[in-house]
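**Student:** Just so you know, the protein sequences line up as chains A and B, in that order.
Each residue of the first sequence is one higher than the one before, starting from 1 at the first, in full-length UniProt numbering.
Each residue of the second sequence is one higher than the one before, starting from 1 at the first, in full-length UniProt numbering.
Quick caveat, the hints were computed from the structure, so don't treat them as lab data.
Incorrect hints may appear among the rest.
Label pairs and their in silico Cβ distance ranges [what the hints assert, rightly or not]:
{"id": "1", "chain 1": "A", "residue 1": "GLY72", "chain 2": "B", "residue 2": "GLU213", "range": "35 to 41 Å"}
{"id": "2", "chain 1": "B", "residue 1": "ASP135", "chain 2": "A", "residue 2": "ALA39", "range": "42 to 48 Å"}
{"id": "3", "chain 1": "B", "residue 1": "GLU388", "chain 2": "A", "residue 2": "ALA115", "range": "45 to 51 Å"}
{"id": "4", "chain 1": "B", "residue 1": "GLN383", "chain 2": "A", "residue 2": "GLU136", "range": "42 to 48 Å"}
{"id": "5", "chain 1": "B", "residue 1": "LYS195", "chain 2": "A", "residue 2": "LEU44", "range": "34 to 40 Å"}
{"id": "6", "chain 1": "A", "residue 1": "GLY72", "chain 2": "B", "residue 2": "TRP358", "range": "44 to 50 Å"}
{"id": "7", "chain 1": "A", "residue 1": "ASN63", "chain 2": "B", "residue 2": "TYR386", "range": "49 to 55 Å"}
{"id": "8", "chain 1": "B", "residue 1": "GLN356", "chain 2": "A", "residue 2": "ASN63", "range": "46 to 52 Å"}
{"id": "9", "chain 1": "A", "residue 1": "THR127", "chain 2": "B", "residue 2": "THR347", "range": "49 to 55 Å"}
{"id": "10", "chain 1": "A", "residue 1": "GLU136", "chain 2": "B", "residue 2": "ASN310", "range": "31 to 37 Å"}
{"id": "11", "chain 1": "B", "residue 1": "THR196", "chain 2": "A", "residue 2": "ASP71", "range": "55 to 61 Å"}
Owing to the predicted nature of the structure, the values given are computational and were not obtained by experimental measurement.
For every residue, glycine included, the Cβ atom is placed at its ideal position computed from N, Cα and C.
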Amino acid sequence: MKHLFAMGTGAVAVLALGAGLALAAPEPDPMTALAGRPAGADPLDPMTALMARPEEGTGGEGNVELGGLPDGPGAEDTFYQCVACHSTEIIKQQRVTDHRWDELWTWMVEKQGMAEPDEETKKVILTYLKTNFSSER
Amino acid sequence: MLVDPNPTDPQSRGDQYSSSRRAFMKTTGLTALGALLGMAVPFERNLPAGIIPVALAQDTGMDLMSGKKGLVVLGDRPLNAEVPAHLLDDDITPYEHLFVRMNGLVPQTALDQNAENWTLTIDGEVENPLELTIDDLKSRFENVTSRLVIECGGNGRAFFQPGTSGNQWTVGAVGCPEWTGVRLSDVLKEAGLKKTAVYTGHYSNDVHLSGDEEKEVISRGAPIAKVMEGDTIIAWAMNGEPLSALHGFPLRVIVPGYPASASQKYLNRIWIRDKEHDGAKMTGDSYRLPAYPVAPGTEVPESDMVVLTNMPIKSIVTFPETGTEVKAREQVEVRGHAWCGKGNVATMHVSVDFGQTWQEATLEPAANRFAWQRWRANVTLPQHGYYEVWARATDGDGISQPPLSPVWNPRGYANNIQHRIALVATA
């Protein structure tokens with residue numbers, strides 16, 4: 001993180017650097033978040049234009065057999081790993097950073113008692129989640 | 001997302017829920033259950049042979065959604081559903097229009113409305129630990145009834161960019177029903193707080209999503225100083241009726257001004273702690289904010305996350321419904337509610353020109369501290385065309401709602417972005 005942003009006080013920025021914080025965007029410019037934003041899903045509800053996930057919904061139906069998860073490498077593994085406790089609705093709602101998916105995985109294992117699959121399956125599932133439910137791509 | 005397509009037609013609503021239940025049964029049907037074998041998730045506790053998915057559907061509380069009207073279901077297991085803004089127009093939010101936030105599964109006692117032998121334990125840093133029946137509560141302490149806003153800490157999460165994890169609530173995870181119960185401060189006085197008491201820890205009998213009965217679903221609390229102010233209650237009734245299965249039967253806490261996760265449902269124990277409570281969803285980044293402002297998308301070390309306490313100043317437009325057609329050059333009443341975690345809403349303004357000019361709305365006094373307050377404004381749209389009404393409340397410290405999301409935080413809490421609706425003016 002070489003690009004320091006103006007945060008009001010240098011002390012805060014230094015503190016943030018010292019704590020080893022990682023930024024999703026290399027060059028933070030608040031206006032980029034506002035430029036070229038797609039219109040909201042409902043032109044008669046202005047709040048829809050302000051949402052992180054402007055398309056509202058999961059971008060199509062997905063595979064009904066897999067709780068509406070979109071088809072793709074890892075879809076089945078994800079379904080079987082994740083629906084033991086909750087439905088796919090909580091997954092389909094997400095648009096988060098890659099780092100957050102790693103954190104969520106750890107939280108699911110350590111705090112919620114999710115059984116970890118083998119390393120290979122874990123990689124496949126995390127790649128699937130980061131591909132389909134991402135704020136980064 | 002499962003959206004109720006036709007909120008005004010009860011017949012179609014029934015169909016909607018049964019069809020989403022069919023979809024749900026597929027999700028957790030036999031194939032999925034097969035995948036569970038070998039995992040420590042004892043669903044067996046309610047699995048009469050052959051009717052597995054039905055038993056599971058029952059536990060989520062999804063069947064009870066037939067008693068709700070026009071809600072948008074964000075997830076069926078756990079059950080989470082929010083309310084479109086225009087259905088929140090009532091001063092006292094009726095049952096059918098109160099949002100649902102389940103962290104786990106509805107306990108059997110609540111489904112059966114069976115409070116036999118229910119007790120509330122008060123222990124920890126107290127001189128005289130108590131074990132109170134519901135009758136004890138009703139008869140030994142002054143009964144109080146008040147309108148208290150209850151708002152999910154993640155209400156407004158959908159507006160953070162980049163996205164933050166959790167249910168993508170927009171504006172409708174809030175309501176202001178009328179609650180009846182006793183002051184938690186009165187109960188704690190009877191128990192006698194020790195000098196070492198600093199925090200409450202709330203416990204309940206709801207069931208973890210995995211079905212594991214040993215696992216805590218959620219256990220949050222509040223500082224002793226907050227609950228001793230006297231506004232925090234242990235409630236057994238909402239809008240004059242016993243608490244419903246979805247909202248915490250037979251007892252719950254209401255900690256007004258705090259994220260609703262502090263207002264434990266299905267309450268059976270309050271553990272008085274000698275330090276900040278560390279139950280499920282008190283720690284990590286659950287219901288916590290960075291101790292300093294961070295750029296959107298920043299990962300923040302756990303040690304720099306602090307507990308979210310007061311919810312920020314906020315308001316919604318409940319009338320008219322967004323997209324309504326009105327006449328140009330004629331007065332139109334616009335109205336809604338305003339509330340604040342500190343309990344000090346000061347003023348209310350609306351803009352019909354995208355925030356360029358603001359006009360003051362009238363603000364009615366609160367029915368009691370921490371009730372939401374009705375605001376009204378008459379607006380006149382100068383000519384035909386498309387308009388937005390932006391609503392902005394300001395608290396007693398001069399802090400008002402921002403036009404875009406406030407400072408980003410990893411889990412997307414406390415978003416008090418201004419609510420906007422569209423009005424289409426005809427000539």
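**Student:** All the hints need checking, so say for each whether the structure fits it.
**Tutor:** Going through the hints against the structure:
no., hint, in the structure
1, A:GLY72 to B:GLU213: 35 to 41 Å, "holds (36 Å)"
2, B:ASP135 to A:ALA39: 42 to 48 Å, "violated (58 Å)"
3, B:GLU388 to A:ALA115: 45 to 51 Å, "holds (49 Å)"
4, B:GLN383 to A:GLU136: 42 to 48 Å, "holds (43 Å)"
5, B:LYS195 to A:LEU44: 34 to 40 Å, "violated (58 Å)"
6, A:GLY72 to B:TRP358: 44 to 50 Å, "holds (48 Å)"
7, A:ASN63 to B:TYR386: 49 to 55 Å, "violated (38 Å)"
8, B:GLN356 to A:ASN63: 46 to 52 Å, "holds (47 Å)"
9, A:THR127 to B:THR347: 49 to 55 Å, "holds (50 Å)"
10, A:GLU136 to B:ASN310: 31 to 37 Å, "holds (32 Å)"
11, B:THR196 to A:ASP71: 55 to 61 Å, "holds (57 Å)"
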